Structure formats: C-alpha cells, structure tokens
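Asker: Sequence:
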Amino acid sequence: MRIDCQVIKFPDELLNKETNDLIVEVFRLNGLLLATADRLVSKFGLTGARWQVLGAIAQVGVPETTARLARNMGLTRQSVQRVVNEMVAEGMLTLEENPHHKRSKLVVMTPKGEKAFQQAIELQGPWVKALSKGISKKRLKEAKDVLTILGSRLTDQE
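Residue 1 is where the sequence shown starts when you use my numbering, and the numbers rise one by one after that.
Treat the hints loosely; a few may be bogus.
[What the hints assert, rightly or not] Using 20 Å as the maximum straight-line C-alpha spacing, the simulated DMTMM-like pairs for lysine to aspartate or glutamate come out as follows:
hint	residue 1	residue 2
1	Lys115	Glu86
2	Lys137	Asp156
3	Lys141	Asp38
4	Lys17	Glu122
[What the hints assert, rightly or not] Here are the simulated distance ranges between beta carbons:
hint	residue 1	residue 2	range
5	Gly125	Thr19	31 to 37 Å
6	Lys137	Thr76	31 to 37 Å
7	Lys102	Lys133	47 to 53 Å
8	Lys141	Leu33	27 to 33 Å
9	Ile135	Ser42	25 to 31 Å
10	Lys102	Val26	34 to 40 Å
11	Leu123	Leu147	22 to 28 Å
Hints in this document: simulated from the structure, not taken from any laboratory. Keep in mind that this is a model prediction, so the values were computed, not measured. Glycine included, every Cβ here is placed at the ideal spot set by N, Cα and C.
Go ahead and model the full structure; you've got the sequences and the hints to work with.
Answerer: Here you go:
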C-alpha cells in the first residue's frame, strides 16, 4: 500500500513548517553538494566523501583517530572507517601508531593525499564564489548560524 505524503497533515503544534521545510532543503542540498563534489574532484582520485575526510584531517591539523574524525564530521565511525580504509589502500592516507591507544590508529595524509586535497582546494575557491554569487555575507552568516544552532540541538539530543 502506497501512502500519498501530500495528504498527510500534521497539526501546527506538532510541526513547525518553516523548520521542516529547512530540514528537507538541507537533505536536498546535501545530496546536490555530494554529487557536485564527486564530479568536481573525480579527476584527482577523490569523491565527495574522500574530500570530506581529507578536509576533516586538514582542519584538525594533527593526526586523529577515525572515531574522532567521524565525530567532528557528524558521521558514524563505520562510514568514515570505510572511506579511510579505501584511501589507505590507494596510498592517500596512512595509519600510524597511537601512543594513547594501541588499537585506535591515527589517520595521516600521505604526500599523495596532500596533493589531491590541494588540487581539490584550488577548485573549491572558484566553485564557492560562483555558488554564493548574489548572496550577501550577512545572509550567508545568518544561514550558517541557524544551521549551527540546529546541529547543536541535535548533538545535545544524543
């Protein structure tokens, strides 16, 4: 039996339409960003997910565990571990001993990973500039602030 979602109506007190619309738009945007990122960086041996992992490593600036990277990215350890394993096999990342935990290795970019990340970053600037054309810095900051608040509330619910 198929349910027509257009017919389902929630009472206003149960659903904030604006928040719901924003969440649906974020889901849609996430899919578009990942698909665009895949196309943008594929020539460097990357996918959107791989680029995201490299970005998380670069942002921290020190070797981190997969679990910590996943937490920083808002993803599961298992999903990040799968990508890390692929990138280790391809020589973009390496796993090093962790002096604080024998079983939890530290993820480190190799020169090959650093090169791919740098190439992706060089494309990111013009892409982001074109994407944000006509949107004021104020509106972009407001949008980021709203998303940060929602993300914090979701983190607090865990």
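Asker: Against each hint, give a clear statement of whether it holds in the structure.
Answerer: So, going through the hints one by one against the coordinates:
| no. | hint | result |
| --- | --- | --- |
| 1 | Lys115 to Glu86 | holds, 17 Å |
| 2 | Lys137 to Asp156 | violated, 28 Å |
| 3 | Lys141 to Asp38 | violated, 26 Å |
| 4 | Lys17 to Glu122 | violated, 39 Å |
| 5 | Gly125 to Thr19: 31 to 37 Å | holds, 32 Å |
| 6 | Lys137 to Thr76: 31 to 37 Å | holds, 33 Å |
| 7 | Lys102 to Lys133: 47 to 53 Å | holds, 50 Å |
| 8 | Lys141 to Leu33: 27 to 33 Å | violated, 19 Å |
| 9 | Ile135 to Ser42: 25 to 31 Å | holds, 27 Å |
| 10 | Lys102 to Val26: 34 to 40 Å | holds, 39 Å |
| 11 | Leu123 to Leu147: 22 to 28 Å | holds, 24 Å |
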